[in-house]
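Protein chains in written order, with my numbering: chain D, 33 to 389; chain C, 33 to 389.
If you're looking for bench data, these hints aren't it; they were derived computationally from the structure.
The reader is advised that the hints may include incorrect statements.
It does not matter which identical chain is meant; a pair holds if it fits inside one copy or across any two.
Below, simulated EDC-like cross-link-like pairs (lysine to aspartate or glutamate); rule was C-alpha separation at most 16 Å, straight line [what the hints assert, rightly or not]: (1) Lys-187 / Asp-54; (2) Lys-215 / Asp-333; (3) Lys-189 / Glu-151; (4) Lys-303 / Glu-245; (5) Lys-189 / Glu-152; (6) Lys-187 / Glu-239; (7) Lys-303 / Asp-316; (8) Lys-362 / Glu-152; (9) Lys-187 / Glu-243; (10) Lys-303 / Glu-69; (11) Lys-187 / Glu-172.
The structure displayed is predicted, hence computed values, not measured ones.
Protein chains: 2
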Amino acid sequence: MNSESIPNFEGAVCPVPLRHHDTIVIGHGSGGRMTQELIQEIFQPHLASPQLLAGNDFAEVKPGSASLSRLAISTDSHIVYPLTFPGGDIGRLSVCGTVNDVAMSGAIPVSLTAGFILEEGLSTSLLESIVVSMSNAAQEAGVQIIAGDTKVVEKGKADQLFINTTGFGWIPEGVNINGSRAKPGDVVLISGTLGDHGIAVLAARGELGFETEIRSDVAPLNHLIQAVIQAAPNIHVLRDPTRGGLATTLNEIACQSQVCITLEESRVPVKPAVGAACEMLGFDPLYVANEGKVIVIAPPDEAESALAALQSHPHGRDAAIIGRIGESPKSRVLLNTRIGGTRILDVLAGEMLPRIC
Amino acid sequence: MNSESIPNFEGAVCPVPLRHHDTIVIGHGSGGRMTQELIQEIFQPHLASPQLLAGNDFAEVKPGSASLSRLAISTDSHIVYPLTFPGGDIGRLSVCGTVNDVAMSGAIPVSLTAGFILEEGLSTSLLESIVVSMSNAAQEAGVQIIAGDTKVVEKGKADQLFINTTGFGWIPEGVNINGSRAKPGDVVLISGTLGDHGIAVLAARGELGFETEIRSDVAPLNHLIQAVIQAAPNIHVLRDPTRGGLATTLNEIACQSQVCITLEESRVPVKPAVGAACEMLGFDPLYVANEGKVIVIAPPDEAESALAALQSHPHGRDAAIIGRIGESPKSRVLLNTRIGGTRILDVLAGEMLPRIC
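Pulled out of the complex, with its shape left as it was, chain D reads as follows (with noise of 0.2 Å):
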């Protein structure tokens, strides 16, 4: 735990310098710097406790007694727009989104709680049919949604839809997988390709300006997890690269670990079809949202095991090692290119693609 770090509202990562704004602008929910400096401006000096300034995506709550499990919790609003996109609908992301972050702890996620805020003149077959993907993804990651809330507001007060889920997991004895515990000499691996769901969310909104098959990656990923816990139980750090991409999930965690994290570019994988919609677009896949992919720091000795594990899981095909900690220059993240150099991996001051999740 590191007292200079802040809340894990998600995108919480380093101190940044503030700049103040009167109005809240569509970068403050990039969870890059933006969002960094609102959590930092608003919410920390006023919400700060040691779960939230541990700077994680769960929190961890202990029962009275010692001898008693670890119980994890994570919480999550779905913004995204449009609900339906190529592999998936605001519902499915809302349950993996959770139980995902719930995962990242070690923990084996039980339960979710669903609050719904509708639009009035909402389609009910529409809604219907994202309860459907719920229950499906519930199914699934075989958690169950054990309370939920119904709001409605006037037309034009909302979008249609969001969907907040908060997730419950208990941590078993002995484990102990948080961002703060990257160490020198450690290996970084990814369960498989960048990208997908951000450029299927984007094919969704006719913003490609081409016809494409890429899908969603979005998938409940605790049973990967516990494959690769299960092959690898020395494992320091899971993350799942969602809002920002890798390359901000990786700086939060060099933030929080005090560590240096190196990639090689050559080594991380992308879909053709998902580097061609970036390049067009102009996008790096290194900052393009994920749903269904988790980063998995892993001490050296078991980083073989850790990948075996991973790639004989149809959710982890595709993984690779793509890194290595280091001691200096602290809390950085730095890409060695296809083409020889290096250079600083930062993260995005705003939004990039909002409302992606």
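For chain D, the structure is supplied; the task is to place chain C on it using the hints.
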């Protein structure tokens, strides 16, 4: 647990005949009959779990081992308009609402998550004052906010600010309080005056047409509730009469417990200013939302000690005994009126006061 009851999405009560709507209408958020229809038609077929089917405002999660404490969980999305009103704001409301739902299980609330949906253009100073208000309410309740999430949508795609809070608490050994435990002979108590919150919010909207001193009662009730449980350890039911008011909440309990609840209109405490405003607007205070009141259903031999415990707490000064539980007609609430008649007190069909919480 009654297999015919429906999920504990808030506002859910008995099965009702369904009327199909192709689109969401404001009444679907009422907490009344249309909310039930939505839940039965859309949510229940797909998201049933034993906890949802129990029909309470909280869910319970048991750790693997039977010796461990039980965890109570509740979720609520807050969409109140306007964001600030006499006596509170959406921040205080979002903390108190969920703390209270958790406390209604008899649990000691310990922590909350907070998910923010911000509209582009929201004033950051307004947001900060609301976050401060959350912090103050959390301190008052003695809970910590342990995880958060921030999303931003474009101007016109939300109404300034929505806040989801999800809360957790541990249920002490031996405590068994829920909506299905009301028994014939039990006594019904209310912790204070009705309708203050709803009328204060209407006043803030400028809908009263005159000046009023009415303030929302929004407050964390967990300490009050612990005092009542101490004084009357065999309490059967606790529930807060929020959306839909006392009448709707008593109907929920009558259905869950398969009993008849008879209310004495003359004993129900209502502030003169609230009564006058209701008369002018054509509202019945029995249906107006409260955010700092609790219904207590106690066995007859503990009713007086429960009343004394309520009245000795600042949030329960105006507490009163207001009714009785009977055998039949099952699942009904009857009102003995001031003028000596008796009538059925039904659930509202749609929405009387939209966006009150």
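Violating hint indices (sorted, rising):
6, 8, 9, 10, 11
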